[in-house]
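Asker: Below are the chains, spelled out letter by letter.
2 protein chains.
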Amino acid sequence: MRQLERFSLNHATTKNWPLPQAVAGCVAAGVPGIGLWREEVAAFGLDRTAKLVRDAGLRVTSLCRGGFFGADGWFDDNRHAIDEAATLSAPVLVLVSGGLPAGGRDVDAARRRVADAIGTLVPHASAAGVMLAVEPLHPMFCADRCVVATLGQALDIAERFPPKAVGVVVDTYHIWWDPALFEQIARAAGRISIYQVCDWVVPLPEDMLLGRGHVGDGHIEFAPITDAVRAAGYDGWVEVEIFNQSIWDTPPDQTVATVKSRWPLVGA
Amino acid sequence: MRQLERFSLNHATTKNWPLPQAVAGCVAAGVPGIGLWREEVAAFGLDRTAKLVRDAGLRVTSLCRGGFFGADGWFDDNRHAIDEAATLSAPVLVLVSGGLPAGGRDVDAARRRVADAIGTLVPHASAAGVMLAVEPLHPMFCADRCVVATLGQALDIAERFPPKAVGVVVDTYHIWWDPALFEQIARAAGRISIYQVCDWVVPLPEDMLLGRGHVGDGHIEFAPITDAVRAAGYDGWVEVEIFNQSIWDTPPDQTVATVKSRWPLVGA
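Chains as they are written, first to last, in our numbering: chain A, 1 to 268; chain B, 1 to 268.
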């Protein structure tokens, strides 16, 4: 097995594991990083989570998530998310931009709103030392979750701002299909905030959000993508983030063992 | 209601309607064109279908479908499909290119195979007077149905061949999300083989193939897309093609009435 220095477990992969057990499980498994979610952090307590992770010697590799710029209260909510990331010493806040309003059809307007919204958040994020990471979601989520549908489009937004302020998420699940994948990863040099991996398995389940598989179980060839990410200068954390009901129904320590066993396939 | 000169009902929209009833139903409703599927045509008989449609004064606007270039026997099967289109006087054979092989991960190789396969079919198609139409399918189908995932990619393939030989399908359902949509429709000038419409409704059902909605029921803004298709010089048939179980469970003549009532929203 390759070394785990860059390995991070996104908590969503073992979402039924309460935070203290997840942190202890990472430590026991030699996993040095963890990606956290705001809801879980809030439930356990922000300062308490920060202390828990710090005392365990773990690093918080990202916080999920800000965004949803069409929702009421998005500005304050995103500022809070930035503050939470800073408290957790998470270098990155992942932004899922939100879809169209109910009955809405103007995707161009929604996309302009995303760029404008991010612009309003940049000063606060930069002051807090938190990089905003625009995540392109797979186009099947364009209407209801995220109008940013390609890495190129995420870069079009990020490039309006300084590289340290706004970057992009490279998540294999969302972008593996893109004919412009390697060209856009190269373009992302200096803008990759976090690299996330999981596999594309077919058929997708009824809840499309939960169609992700362990690395190696699906149709994504990871090594060339990881090589391209490395060639773009990214040598940071690689988060394994899998939403899958049957994985959630598996004992979490067993899931971590599986994820570790697949790590060599990532090629990081 | 706008005039129906360019209106075509794709038979898949009323798939439980046997061919004679579908043809009679189109005539009764003043629908001048129909898009056919090979399986239905074969079941009713090729020559018999050709006569049925001709005698009714209908035009076959496209035949679905060739493609699936990874399948055994694809070459002979596609040649047969071309011959069937010619017999039906269908100007266009729609090509769904096929996904990855079971367990396959090399999407680039699969894409190269599509272009090569089409090249082998062009002489026969041109001799038969049938335009091959490369259809980009939504990226959610990339692994299992069609590695051609964007209009730009379909054009990259089509542009290797003469414009009369190989074109593209512009189907709102598959490409509405694309940030490069309007740029690629403009690029498609002279290459648009057929324009198909249906709406994107959320949430998608368990079988993602059946998630399409009547024009006006979802998140797609049709008029600007139709305008762009027109500006690209396309003034041919507009097929309404909807896969949706609840629409299939509706009496077909009622479905045709609904489709007609939504026609003004298409802006054709």
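If you are wondering where the hints come from, they were derived from the structure by calculation, not from laboratory data. Among the hints, erroneous ones may be present.
[Stated by the list, open to error] If you anchor each label on the Cβ, the simulated ranges turn out as follows:
hint, chain 1, residue 1, chain 2, residue 2, range
1, A, P264, B, A102, 18 to 28 Å
2, A, E159, B, P251, 46 to 56 Å
3, A, D116, B, P264, 32 to 42 Å
4, B, R230, A, P264, 30 to 40 Å
[Unchecked claim] Covered stretches of chain B, as calculated for chain A (at least 3 residues, CB under 8 Å):
hint, region
5, 139-148
6, 170-181
7, 219-225
Glycine is no exception: its CB is placed at the ideal position from the N, C-alpha and C atoms.
Asker: Please list, smallest to largest, the hint numbers that this structure does not respect.
Answerer: 4
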